[in-house]
Amino acid sequence: MGVLLETIQTLQIGQVAMWIIGGILIYLAIKKDMEPTLLLPMGFGAILVNLPESGAKAVIDRLFEIGVENNELMPLILFIGIGAMIDFEPLLTNPKLMIFGAAAQFGIFFTLSLASLFGFELHDAASIAIIGAADGPTSIFVAQQLNSNYVAAIMVAAYSYMALVPIVQPPIIKLCTTKKERMIRMKNVNRKVSKTTKILFPIVVTIIVGLVAPDAVALIGFLMFGNLIRECGVLNSLSETAQNVLANLITIFLGITIASRMVAAEFLQFETLLIMGLGLVAFIFDTFAGVMLAKIINIFSKEKINPMIGATGISAFPMSARVVHKMGREEDPQNFLLMHAIGVNVSGQIASVIAGGLILAFVA
Amino acid sequence: MIDFAAFLNSLPIMGKGMLGIFIVTGVIILTVYLLNYFTNKTKKED
Chain A
0 MGVLLETIQT LQIGQVAMWI IGGILIYLAI KKDMEPTLLL PMGFGAILVN
50 LPESGAKAVI DRLFEIGVEN NELMPLILFI GIGAMIDFEP LLTNPKLMIF
100 GAAAQFGIFF TLSLASLFGF ELHDAASIAI IGAADGPTSI FVAQQLNSNY
150 VAAIMVAAYS YMALVPIVQP PIIKLCTTKK ERMIRMKNVN RKVSKTTKIL
200 FPIVVTIIVG LVAPDAVALI GFLMFGNLIR ECGVLNSLSE TAQNVLANLI
250 TIFLGITIAS RMVAAEFLQF ETLLIMGLGL VAFIFDTFAG VMLAKIINIF
300 SKEKINPMIG ATGISAFPMS ARVVHKMGRE EDPQNFLLMH AIGVNVSGQI
350 ASVIAGGLIL AFVA
Chain B
0 MIDFAAFLNS LPIMGKGMLG IFIVTGVIIL TVYLLNYFTN KTKKED
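If you're matching them up, the sequences are chains A and B in order. First residue of the first sequence? That's 0 in numbering that gives the first Met the number 0, and the numbers climb one at a time after it. First residue of the second sequence? That's 0 in numbering that gives the first Met the number 0, and the numbers climb one at a time after it.
If you are wondering where the hints come from, they were derived from the structure by calculation, not from laboratory data. One or more of the hints may lead you astray.
Derived pair list, reagent style BS3-like, types lysine-lysine, alpha-carbon separation capped at 30 Å [said to hold, decoys possible]:
| no. | chain 1 | residue 1 | chain 2 | residue 2 |
| --- | --- | --- | --- | --- |
| 1 | B | 40 | A | 301 |
| 2 | A | 325 | A | 301 |
| 3 | A | 95 | B | 15 |
| 4 | B | 40 | A | 194 |
| 5 | A | 301 | A | 179 |
| 6 | A | 95 | A | 303 |
| 7 | A | 186 | B | 40 |
| 8 | A | 194 | A | 31 |
| 9 | A | 186 | A | 294 |
| 10 | B | 40 | A | 191 |
| 11 | A | 294 | B | 15 |
| 12 | A | 191 | A | 31 |
| 13 | B | 40 | A | 303 |
Keep in mind the model is a prediction, meaning the values are calculated, not measured.
In isolation and in its complexed conformation, chain B is listed as follows:
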């Protein structure tokens, strides 16, 4: 029932998954800041 080897094999997925999700989220956050910056700037110029 308990499969310690499978548990150890799954740990890299946990690491890669969390790293991946933080990277993608970081990119989205940065993009939103850029969108806010440029679209508000355009509005002010108008």
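Next up, chain A with everything else stripped away, as it sits in the complex:
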């Protein structure tokens, strides 16, 4: 009884607030199905590390030290699994769609400037901006490499907005397009992609990105390694393991490990709210830029592009592509945009890593 009273006396209001935040994350994960694989471990971890004199804190800190702080091992290994999950065929069939993946990274750079305007140090501004990559592992990697003070807030924002893509993107897309534009049908490209191309693609992209942004070579390299395992055709069992067991194992630990940075004193700051707001701005401007590029191309091109597919250039894969496909069907039930949208969406995965590498090259 005495121990209980002593412990309760050391309890701080901030810790209770973090329990509530942890509870909200768990609620969103279970009830709203928002990125449950990460929000649930993060929510539980937030409660765990904010118990008075928490004995778990040292263990989770150690996990953070091994898995994130030292060479960003966990996000990199997770990228092998993600690479093994991605089928680049829709992109290889119609490579010019990749230009939208590039355009949709505008939100990152715009947010970097905006965060600088709000007084964040350049390394923190760049780490916050990378929320716009819509890619958890890239966000952790960049924020950690830049030694940001806001890794936890960045992670919560990145994964929350990834889950909120179906809510965030449609109004922006509708604001930027007319009904007529949303009804544009696109021809299917029936080009065959050879197995050799599929095998060479991950190798070539790794070399190109590695030469331009050496700091991002670990990210792109691990992503493309996973994809090579998938496409080579002789490592099916490894590919399946990477897609399922490996990705799941890392995800279990990643969420709870990130929670080590959700200690009340570090997390409950005005800056956390500002970071959440800036993350939203990054997503909005990613979407805006992708759509606007498609509209600009349509001015000059005979073959019209449905501008909505520009919005899928963010790397929230495959959610963004599904959202746009659904929006297309709402305007015209016979319109089938999925393959085009998926092509742009996977290009966003590559483009976000390139953007992360360029940010590291400019800021680190």
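Chain A is already provided as a structure; the job is to place chain B on it using the hints.
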């Protein structure tokens, strides 16, 4: 709180970043076209 000088200093990063990403993407697009061209050509010859 508002640091306009830092904002102005960050603008070149935005410009260079977007330019860089379009250049790299352009190179990848070109490479994929070449890969498709050569690998399909080899297939036809076979």
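Okay, the hints, checked on the actual structure:
no., hint, verdict
1, 40/B - 301/A, "holds (28 Å)"
2, 325/A - 301/A, "holds (25 Å)"
3, 95/A - 15/B, "holds (22 Å)"
4, 40/B - 194/A, "holds (13 Å)"
5, 301/A - 179/A, "holds (16 Å)"
6, 95/A - 303/A, "holds (14 Å)"
7, 186/A - 40/B, "holds (24 Å)"
8, 194/A - 31/A, "violated (40 Å)"
9, 186/A - 294/A, "holds (17 Å)"
10, 40/B - 191/A, "holds (11 Å)"
11, 294/A - 15/B, "holds (23 Å)"
12, 191/A - 31/A, "violated (40 Å)"
13, 40/B - 303/A, "holds (29 Å)"
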